[in-house]
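With the hints as constraints, model all of the structure from the sequences given.
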Amino acid sequence: MSTNLISGIIGLPLVGKTTIFNLLTNSEQEISNFLSGKTETITASAKVPDKRIDFLANMYKPRKTTYAQIQFSEVPGLVRGASEGKGVGNQFLSAIRNADLLVHVVRAFKNQDVPHVEDDINPLRDIETIAVEILLADMDLVEKRIERIQSGKKITKENAFELEVLKKCLAALEEESPISQLGLSEEEKHTLRNYAFLTEKPMMLVINIDEDQFKAGTYPGKEEVEKYAASKGIAVLEICGRMEMEISQLPEEDRALFMEDLGISEPGIDRLARTVYDYLGLISFLTAGEDEVRAWTIKKGTDAKKAAGKIHSDIERGFIRAEVVAFDDLVEAGSMAKVKEKGLFRLEGKEYIVQDGDIINFRFNV
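The UniProt record's numbering puts the first residue of the sequence shown at 1, with every later residue one more than the last.
In short, the hints are calculated from the structure, not lab data. Glycine residues also receive a C-beta, built at the ideal position from the N, C-alpha and C atoms. Treat the hints with caution; some may be incorrect.
Unchecked claim - Okay, the calculated beta carbon distance ranges per label pair:
| id | residue 1 | residue 2 | range |
| --- | --- | --- | --- |
| 1 | R274 | E351 | 26 to 32 Å |
| 2 | K51 | L250 | 15 to 21 Å |
| 3 | E323 | K168 | 44 to 50 Å |
| 4 | Y60 | D120 | 50 to 56 Å |
| 5 | L163 | E332 | 55 to 61 Å |
The structure is reproduced here in structure tokens:
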């Protein structure tokens, strides 16, 4: 499976999607996309902060340091009725069909200068608005496909099986249950693979709070949001977009002091990038030397031979052995020489399942 996965940042207009997108990707998109009527989807890469890379870079003083990257798309703001093609609904819904994960930004912050599209702040209502639009969009797609199959002159064996699966999906959607909770078999999922159903995609919630809410550790409707998320198995993160923006604009040396005053150990945006990476089922193995210290992105459960192919197809083709050191062992030992002395250095074969944070040197012969 490709590790070039995309996370779609979604939500109602004026909830802080662009702020979150800019912070993650170091972009400078115009904040008022909704007000200026812009409807294009923007995609950019975000660095995944990693203290292990910082540690190795400090140890090796390499010429180049490369962090893992993930792709984010910011899609136009969704409004109620989008599934019926209202507003920029169609563009929104087709844009997020390409995403592997939906990051729903929800507004909890108060700001009289930025009106809420529904007039008042109610995070749970907004979460449910988007959930309903996504559900209705899938329902529309399923109904149209069922109709197309049933009105066809000849129903093949494949069509008959697909029809059965689609009817199962429609029944779930009519009960307001997402396709992801249907427990479909691999064969059934394979039949639906080209539809990119929205309710099949994993989702996480990012609650955009203001500074007062951050200090108080709560926001209006927090309990209801957390109860809803727990019932759906959805991760929830709170981020104060405005404060994160201030942190990002400070010189490096002032940043730590400012965060210390706020009582936070790292920016929330770093936490978000790492949570998304994990949510997508991604891990990093590391390579380290004087030329470069680098994080390589692979799916959880990847074997050593396939991981080698991330660096170069020749290394995968001529794979002999993987020299592996667990990151924590290196930290404890203090140097690679000490790791070898303590016998913590391992040689692994092609079927070894790479673990997050493994420092690997591949032996190969082409």
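Now for the hints, and whether the structure bears them out:
Evaluation of the 26 to 32 Å hint for R274 and E351 yields a pass: the beta carbon distance comes to about 28 Å. Range check, K51 to L250: about 20 Å between beta-carbon atoms, so the 15 to 21 Å window is met. Between E323 and K168 the beta carbons are some 49 Å apart, a value that agrees with the proposed interval 44 to 50 Å. Distance hint check for Y60 and D120: the Cβ-Cβ separation is about 54 Å, which falls inside the suggested range of 50 to 56 Å.
Take L163 and E332: their Cβ atoms lie about 58 Å apart, and the range 55 to 61 Å holds.
Violated hints for the displayed structure: none, as all numbered hints are satisfied.
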